[in-house]
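Asks: Using the hints, position chain B against chain A.
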Amino acid sequence: MKKIINYSIVLLTLLILGSCKNSFEDHPLTFTSEDYIWDATDATGTYAANFMIKIYSQLPTGYVRLNGVLLDCATDDAVPSNKTNATWNIINGGYTPLSTFDDNWSNSYSAIRKSNLFLANYKRVPWADPNNPKWLSAEVRVMRAYFYYEMMKRYGGVPLLGDKVYDATDASLFKIKRNSFDECIKYVISELDAVKDSLRPDATLAARGSGNGTTEGTDGDAGRIRKSIVLAIKAKVLLLAASPLFNASTTPDKTYTGYPAYDKERWKAAADAAKAVRDLNLFALEANRYILNTTHVNKEFIFMRFGASYQNTYGYRMSPVGYKPGNTASEGLISPTQELVDAFPMKNGKAITDPTSGYNAASPYTNRDPRLDQTIFYNGSMWLKRPIETFENGLDKPNNSSVANGVQTQTGYYAKKFLANDANSTAFTPVMYHPGVTPTFSLIRYADILLMYAEAQNEYSGPDASVYSAVEAIRQRAGLVPFALPTGLTQTQMRDIIRNELRLEFAFEEHRFYDIRRWKIAKTTYATPLHGVSIVKNTNGTFTYNPINVTTPFFDESKMYLLPILFNETLVNPDLQQNPGY
Amino acid sequence: MNKKLPLPFRGINFYPLFFAVLLLTLQLQVFSQNTGNLLTGSVKDNNGKPLQGVLVKVNNSTSFTITSAEGYFAVSGKDNSTLLFSHPDFYNLETTYKKGNDFSVQLFARYLSNPGGKQLSNDSLYKAESIKYVDILNGKQPAANMIQSYATVNTNQLITTPASQFLNALPGRLAGLNISFNNGAPGLDGNGISYNVRGARAQTIIIDGVQRGFTSIDPEQIESVTVLKDALATVMFGQRSSNGIISITTKKGDKGTPRLAFTAQSGFETPSALPKPLQSWQYATLYNEAQQNDAGLTPVTTPRYSQTDIDAYKNGTDIYGHPNVDWYNTVLNKTAPINRYNFNVQGSGKGFRYFVDVDYMKEGGLFKTIDSNTYNTNAQLDRYIVRSNVGVDVTPTTNVQLNLFGRIQRNNQSGAGTSSILSSLLNTPQNAYPVFNKDGSIAGTSVYGQNANIYGQSVYRGYQFQDARDMAVDLQLTQDLKFILPGLTLKGQGSYNNTTTYTTARAKDFAVYQLNTNGTTYTKYGSTSQQGSSGTANDRIRVTYLNAALAYDKSFGKHTVNATLLADQQSTLPYSTGNLPELYTDYAARVSYNWNEKYFIEGAGSYAGYNYFAPANRWSPFYAGGVAWNIHKENFIKNNLKVISNLKLRATYGLTGQANAGYFSYIQTYWTPSSNTNNNDGYYFGSTGVGVTRSTGQNALTNPNLGPEHAKKLNVGLDLGLWNNRLIITGEYFKNRFFDLVAGPGKQTTLLGTGFPTMNLQKFDYWGTDLSLTWQDHVNNFNYFFTGNFSLVQSKVVFNDEQPKNYDYQRGTGRQVGLQYGYTAMGLFQSYDEINDPKTAVFASTPKSTLRPGDIRYLDRNNDGIIDNNDNGAIGSGKPVAYFGFTFGFSYKGFDMSMLVQGTQNRVSYLSGDFFNGYGSGGNYNAYDYNLGRWTPETAATATQPRLWLGSNVNNTQTSTFWIRNTDFIRLKNAEIGYTLPAKLSQKVRIPSIRLFANGLNLFTWSELYKIRKDVDPEAMGGTYPIMRTLNFGITVKL
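Line by line, the protein sequences are chains A and B.
Going by my numbering, the residue at position 498 of the first sequence is 498; the numbering climbs one at a time, nothing skipped.
Going by my numbering, the residue at position 602 of the second sequence is 1184; the numbering climbs one at a time, nothing skipped.
In isolation and in its complexed conformation, chain A is listed as follows:
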């Protein structure tokens, strides 16, 4: 009996397993393993180099990335045209750890993990070209530093992970503490300093610009991290460190919320860092600001989030709702506020509140700073060969169901920024925005460096000549006549001018949201009623402009200058401190 059973088991086993044993491998050999990426037999290191590409792809972008509208809809510059847009939740109620907003925390730590994986493994590749490991590892370290900066501007000090790649089962993951703001700044600066001379060489100014001011430059490595980008990031980081929000913190006992005490020298460091970029002599302001919307490579762009080629879709997103080029209805997603419109001076450089400016309330858009026309669609401005009609029941504010979902301007304005100069075209000129993939977006451009310098230098030494020249360069390029500022401005007057220039020059470029926090002025600029205009077309063809109250955003200055860390993060890790007030 036993014999039979034994015999049978052997037989059965052979029967079942014998036939298919050799048909297939034990586990799939098709899987791409770690050794394939850090290929010890590939001297070109193709896959290792591609590993870094993914880190590049996590650099932030802009445009309508947030609930389908611009980040600036959560500032005093604009509101979403669609009343049901989720950004209204932020406008009306702010943000909490349970409903975070513009949260770059997980994207940054995901990029940091990839950076650390790269740095831990890239030496396994027998690089033939010694420049490759040097350049690539330096690029990775710069991006890692930049992701920390992206978090610091939102949260203050965050956990610095160093070069460590954590395992999922590592219990210490749930005991990580936040580093102090000071430590974070020092770490980021030391990283930038360490590698700034280990990068591939910068392109010349000639290679950046094509010379004719309309087409692309020839710089084939545009987009790669190079020394100019490192210095520009450094200036950004140091300016953040010198800013009132962190310098000094109102909660000095919580070192992750900023420096315990004010130190004027931080402005000096920021000014010097910005000056270092100017001194490279690799950049210049483009005379024509529309160039910035239609080229990837030009004299002005320093640090770009590079993306796919041009599309005309942005025209449909932004154009007033009465336009239907190619039978596709425009969406008019953004409604800029009267506050932003009023911030634009007259063409003569004088604020509209200045009695000598020549501002005429009955014809409010005449003789204004040319940037108004480049930024805002207002009633009567020319677009696709017809004047825009945002008066009541006009083509672009029809007040009826003829537009999709009833979405139309809330303020009497639409946003034009990033579009080409299509006043006399019949169709949209493609611009950099690309709906299918992440588009190209300017993170730092030369105008930024000039104004950063002006801001820091004005804070450090007052409005000296170098401050004047930096601000005037911006105004000159904007087309103000005269562009020169009055002499003898006080530091405070100059500060207000610089802040206004930042607002206008970088409108809808995701500056305003963080600037009003960095300067700690959000309570006054933001938590007050925002206005629009209701325009009535009179029978004689003239217009009557009636201000309307659009909304009063919610802002709690006791906490909302810093963003909250997502609830779950502090929940699973009690050692990870939440920002004050949340």
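To spell it out: a stretch of chain A is covered by chain B in this simulated footprint if at least three of its residues, at any positions, have a beta carbon under 8 Å from a beta carbon of chain B; those stretches are:
id, segment
1, 23–29
2, 92–98
3, 172–180
FYI, nobody ran anything at the bench for these hints, they're computed from the structure.
As the structure is a prediction and not an experimental result, all values here were calculated from the model.
Heads up, the beta-carbon is just placed ideally off N, CA and C, and yes, glycines get one too.
Replies: Quick look at chain B alone, frame taken from chain A:
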């Protein structure tokens, strides 16, 4: 001697033969004590074939006999006395014996099999004939000896259900099996069906012991469906043993001469419910109301619809400019046809048995079609099935069983797709656009552009169809090894199954036209395209199964031993993915012993492998054991309580497993540029902005320690049969602890920089009871039965590595598995005063300025003055899931009837979608009759719905108790009436048996949900194809 013997027997010396057979088979003969004539005759079954083993009793006498293999009987009695015929598988018959003819009676098969497995008579005359076997994994056992937990139905309970999938026949019939339907469209295997055994997660159907893809086969070829519920019943299935198994046994052929059966049936289906959208004028009126609601106290000066508009909608004066289209009636027919034709033949000869079945089924859809299309745009399922099961004794000790199965299915639908049309029907208001414009062109608007017109989706978008081809070959060899050791058998089985599914799309686009305001010209949206042609291979799967088993079955006096040793492997190779085959391998054994059929003990186990696990974790042991006691065999019952015909106490306990791992998921993988087609993962350099540089990177983290999920299962059962098993009660209690369940850890941090891998960490308890009760009896020739079952399943999360929570009500641990989480609604705001009361808590994202009377008010559970995630808690009922079914019926002379009522208790649903879309998306969603119950200041007291709104409404669309509603239901799931023509009539056309029948599915439904709205089915809500009510008529001819 009777001179008019049936033809085959003429000239044969009949009585000696008859007596010889009787003596040989029974070795016992009982003669009546009082002298009389010898009453002779024959008994036939449904098919008109001789029926052996029928007990024939003479009324008011002790005289009885049983029928021979040829169906003959001879019993002493008086002429004109009443004869009683009974058989465990057939209904009883009483009839008066009439001398002088070929006396012949026909018995009709029972609807319910005899669950006790014993002859209803207490007589032990032919026990061997009446033993009922239950198909268990890798073998069968006498029902009376079962320790395992199971429930079974036979073919009779399946064929009364007119549906393409036999699973439609199962809800309410098997205790412990919960089946629900959420889609009634003609479709392929498993369309719209979900089911579980005692609440367990995964679902396993095996056919003749092999897990395959053919879950819709015709019920005529099914001998029985058995649900295997406890650990002992499933443990030999190794890494698939945790979740209960639905085991299907196909027919292998009855004994006897060829029996042919032909059934033709034809019926029609109507939707059990269709949403009832508002008339255009009501829609417009309510739209304006919603607009005003959103504006609050500010009067809306320009409502979207003017009074002129509303009047035009109401009066139908401008059907093109102000349409009011009943889309459901425009696009759908009232009924859809269903037809089925089945032919089967079975029988046996010397050394062989066979069953051959051919089935054609066609189920139509509801969509209207137009004659100008030369192709079918309607939903339709065409299915051809052929099965041939043949068993041959190639030597006296060797049997070969060869089962062949082939199936061809085609599932047709419009080029737009059935689900797209139904979702458009649900969401399109009646005033959106007319069907056609005045000039006959198909209508649309800028919002409803190309391909949007629903009628157009149905008939102008071409067609698509999915073809499925299945082939299965099973070869089984059984070798009796009695020459080595009596009782020893060796079995080997090989099964090869091939499935291919291919979709062919021959779709096209159509443009729509909108009349311009000038009233003469049209704007065209989109374009009309040529019909395209594309094909997609969906699945090509090969399943092979090999098994070899050594079985030993022997009685030694009062000791009976039964043992099985088995090795098997199932290999599933999906050609469509290029993956390696998935392998389940078992080395399994089962040993059972009983003493005198009184005390039973059984143990089983498997050492089972699953190749997707890391090598160190591939093999795991599973085991189970059980005991039973047939108490009714004890003398103290036998002698004192004769009313008890069966009383058994049984218990099992075991450890089972379930593999739940992704494809070789223990191996850490990376992606390469070629596999990374997502542009967002790449990056651009240089000035051109074209030519993305693609990336490589690490895929999701893996867990190399992942192993099978486990369960410890306890089952205790009591079987009780009273009054010769006329009443049978089975009650079972089970407690299953599932552990090592695979899930992502609750505690995760993004500081890791990537997702956490899944782990074996959850622990869930499921416990409950299965009860069933059956009564079968007859009053003279009126045979009737009642059977009911009731199942109760409760569950609890024992461990779930949850995130830390601030409040106990937020925790899932300790609560029911799968409970809904959300806010607690306190009703609707009745006034601005209530909203603006400082004590009223609201969401930060929906400040009081945005709230209106009629919006939902939520409970501030932690009393912090604000509604936020901390107020989110378990809001499901938490009550045990209960489901039940009652079947009753009768047979009287040629008439038979059965009826199944099925339902659930403690069922709740989260009513999302059309329930609260309202006028969302800027008024591009629909509103329905039930929306008339919305909150208005006038109807504040009686409102059943919140106030109306446009667009999105964050406050009212939160998951909350407001939208969790009781959806208990009771259905008249199935009913059949049949009439078998008297043999005398049918014999005139030389057909032994003709039966006419009518049956139905989902005939009547009552649901708790009807209190809110009646235009939905409680199981299939929203935009799914409705559950169908089917009425069906047919004829069965048996030869």
